[in-house]
Each structure stands twice: as C-alpha cells, then as structure tokens.
Amino acid sequence: MEAVLSSVTPQLSTATHRHLPPFRRRDRNTFHLYSPSPPPTTANAAINTSSIEHRIQESLSLLDLMQSESISPDPSLLCSILKCCADARCLRLGRIAHEKAVLAGLDTDPFVGNSLLLLYSRCGFLSTARKLFDEMPSRNVVSWTTAISMYHHAGLPHEAINLYRLMCGGAAFDNSVVKPNCFTYTTVLNCCASVKDFELGVKLHGQIVDDGLQNDKFIIVALIDMYTKCGKVCDARKVFDKIPELSIEASTAMIEGYSGNGQPKEAVDVMRMVLRSGPVAEMVIALGFTAMIRPFLMEMALRHGQEIHAHIIKFGHKPENKHLSALLNLYERCDKMAIAYRVFKEMEVKEFGLWRRLLSGFVRNGLYAEALMVYAEMTTLDYKMSHFVVIEALNACVGMRGLKEGRQIHGTLLKVENLMGSTSLTVLSELYITCGKHEEALKVSNLNVNIKNFIHRVTQ
1 MEAVLSSVTP QLSTATHRHL PPFRRRDRNT FHLYSPSPPP TTANAAINTS SIEHRIQESL
61 SLLDLMQSES ISPDPSLLCS ILKCCADARC LRLGRIAHEK AVLAGLDTDP FVGNSLLLLY
121 SRCGFLSTAR KLFDEMPSRN VVSWTTAISM YHHAGLPHEA INLYRLMCGG AAFDNSVVKP
181 NCFTYTTVLN CCASVKDFEL GVKLHGQIVD DGLQNDKFII VALIDMYTKC GKVCDARKVF
241 DKIPELSIEA STAMIEGYSG NGQPKEAVDV MRMVLRSGPV AEMVIALGFT AMIRPFLMEM
301 ALRHGQEIHA HIIKFGHKPE NKHLSALLNL YERCDKMAIA YRVFKEMEVK EFGLWRRLLS
361 GFVRNGLYAE ALMVYAEMTT LDYKMSHFVV IEALNACVGM RGLKEGRQIH GTLLKVENLM
421 GSTSLTVLSE LYITCGKHEE ALKVSNLNVN IKNFIHRVTQ
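Going letter by letter, the sequence shown gives residues 1 to 460 in the UniProt record's numbering.
Calculated directly from the structure, the hints in this document are not laboratory data. None of the values given here were measured: they were computed from a predicted structure. Keep in mind that a hint or two might mislead.
Ranges of calculated distance between the beta carbons of each label pair, as one might list FRET restraints [claimed, not checked]: (1) D211 x S247: 18 to 24 Å; (2) Y383 x L246: 40 to 46 Å; (3) F352 x G124: 25 to 31 Å; (4) I248 x Q214: 17 to 23 Å; (5) N140 x H387: 54 to 60 Å.
The C-beta atom is built at its ideal place from N, Cα and C for all residues, glycine as well.
Could you build the full structure based on these sequences and the hints that come with them?
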C-alpha cells in the first residue's frame, strides 16, 4: 500500500505547503491523503481497483482545492497522479488529470508529457499517444523509449523499430539525435528478436559495446534472446560466456535459446552449470521449472527430469500448475503413465489438452481400461468432445474388445454434431469386425463410403 500511496503523494515545496489548509498540513514536506490508510496487516488485501481509483480521485480533489486557492501544482504531483492512473489502467481519471494539466499550463512540461504518453499507451490508445508524442515541444530519451515500448507491447515491432531509427537518425521532428539508454536498447533488441532482424541486432550490439553498456543485465538477456531467436546460437553463447557474473536471467535465456533451436544437450549443460553454482532447490525455483523440463522433454531424458522433480519434492517446494503440466508431458512422452497420472491428479486446474495427452498416452501404452476411464471422466465433466478424443477412445475399445463401450461411443457419434468422420467410422468398423459383429461393421462401412462420396462431390 505504501507503494500506491507514494505514487500519488510527492514532495511539496515549502511555499505550496504553507498555502494548504491546516487539516492538510500533517508534515512539512509530504502531502498525506486525508483518508486513513488501512492497517499494515490488511494492506495487501485492500489494494484493488476501486480503492486505487478512490485515492486517485482524492488526489484530483486536492488539485481542485489548490486551484481554488490559486496554488499552481508542482509538475511532480501531476506526474505521480498520471503514473498511478497508467498503472491502474484508469483512463477516465487519467483524462481528468490531463485536463487539469492543460488548465495549469503543465501539459508542455517534458516530465508531464512523458507521463501522459505513458498513460495513453498503457491504456491502449496508441493513436492518441502518438499524437501527443508528435506534438511534444521537446523529447528526451524517456519520451522516445516510452513510445517505442508502446509499439513493442502492442505487438507492432516494425513500428517500434522505425521509431527507433528516427530517434537515432534525427530525420524527423526537431532534427536532434537522442542517445539510447539501457531500456531503449533492451526494447529494440526484443523487437529484433520478434521479427528476426539479425542485421539490426548486430548493429545494436556494436552500439551497446561502444556505449559501454554490454554488462547491463537486461541488455545481456535481450542480446541472448535476439541471437537465439535469429538462429545464431553460437553468437548468443559468446555473449553468455562473457558475463562477468553468472545470472539466473541470462542462464534461463540461454537454456530457452538452446531448447528453441533443437539443442537440448547444450541446454542441459548450461543447466548443470547453474545447478553447481548454488543450492539445487533454490536454483531450480529461480530458473523456472518449465524452462528446465523442456530440454529433457526434447531428448526424452527421463532420469534428469525425475532428478529435478525429486529435488523439488525433497526441499518442500510445491510445484505450480504449469510445472506439473511440464512434468506430465515428460512422463507421458517417456511412457511412464502411472507417474503421469499421479501428477495429473495433483493438478488443481486440468486443461483439455492435458486430458487429451493422458488419454493418448494410455492408448499408446496399451492401458485401454485406464484410457476409457479418462474418457468417461471427460464426458462427466462436460468437456466438448473433439474428433481426436473420440478416435482415441475407439482405439481403446478395439484394443480391449470393448463392444459395450464402443456402442456407447457410436451413440455419441450419432447424437453429437461434427463428431462423425471418416477416421472415427473406420476405427468403429474395425471394432465391430474384431468383436465378430460383421453386420454392424458393414453398416458403418457403408455410412463411411457415403460420407466420403458426399465430401468428394462437395469439393469438386
């Protein structure tokens, strides 16, 4: 809560403080909101959208009070209010603050202008933010970086890169060249990674070295990510090997880079290097369980995955749902279905894709009864059945000669629209033949032929 309050309670000058009414002067330097803060023990629970908006509203009321007393607000006060509106994505109150900034003649202040730019970009009003940016009388590196980040976070990396080129070339606006900072470089490198612009990425790397910023931890991660996304894993490794002090963030980026480029063994090597650098449980948690499991999945290295799982359990860390999902994928792909099912039962949220994976794993391993049990659970949970799920369930019926279960699924095919297809009817026909029901198999085969003929006529 202190963080929320501090964002809307800036330092006031002595002159401004002297003009405030007595009940507002609780401290010589700091303006305190009139409403009391909740007790520290309940502070976290009290932080929600409505309470934050309420405090922003009180701060805006203070601006009205200052205006009535002919007191000009400090730019820092407006910046704090606008930043709070941006963080809360509260455009309604942000626009009110914008109006008050215009009335006070502070909208041309560079710091207030940057805060307005942040507000509209955070709230998704890109055209408004860009208009403000274009109309700013002066732009510093914060202005440019905020605008570049706006396009990056909106999924428009090409626009972000174009704006960066304008910033460095001085080819627009006031023809001044602004020098990028760490945040600018990091954002543009992320854009290069998104569009695989290796040429610009290399150029940025050179500029970063010239500026002496190559050891910045955010830039290191962005460089590794850029090189690996562009398929230049060796260049990424060169950056990684030059790190003065090994960091979890850079290690994770390198592991993900190797995994994403089909080099799981190299990913495991980096992982082992990190695990040797500190307590295993802490390193596993810091690295991210999903990032660690992925290379094991790729080379189906069951033993290493089990080792990580054992460390997690041993040191009392309860894996999150995404970690359990990664474990389930590993065990299922390695045909350890009993363990996979045990992990599955531990999950609080069971997504449809995991049900499918479990069903497929049971069928592939000849555990047909277990597969049909999973299918039955899916039907009771009202999942929308897919063609794939029905085919896997029918394959389980074929494997165990489950005529009764197969007929039930046949009934589902007839009732539910879009479930019946050529593949499912072929498997169903195979089931009836396996169980000696040739007449029923013939009916299904004829239906399958009719469907194929219909599809052929439609697609001609």
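Verification of the hints:
The supplied range of 18 to 24 Å is met by D211 and S247, whose beta-carbon atoms lie about 20 Å from each other. About 45 Å separates the C-beta atoms of Y383 and L246, a value consistent with the hinted range of 40 to 46 Å. Between F352 and G124 the C-beta distance comes to about 30 Å, which sits within the given range of 25 to 31 Å. I248 and Q214 have their C-beta atoms about 19 Å apart, which keeps the hinted 17 to 23 Å range intact.
Separation of N140 from H387 is about 57 Å and conforms to the stated range, judged on CB atoms against 54 to 60 Å.
Checked against the numbered hints above, the structure violates none of them.
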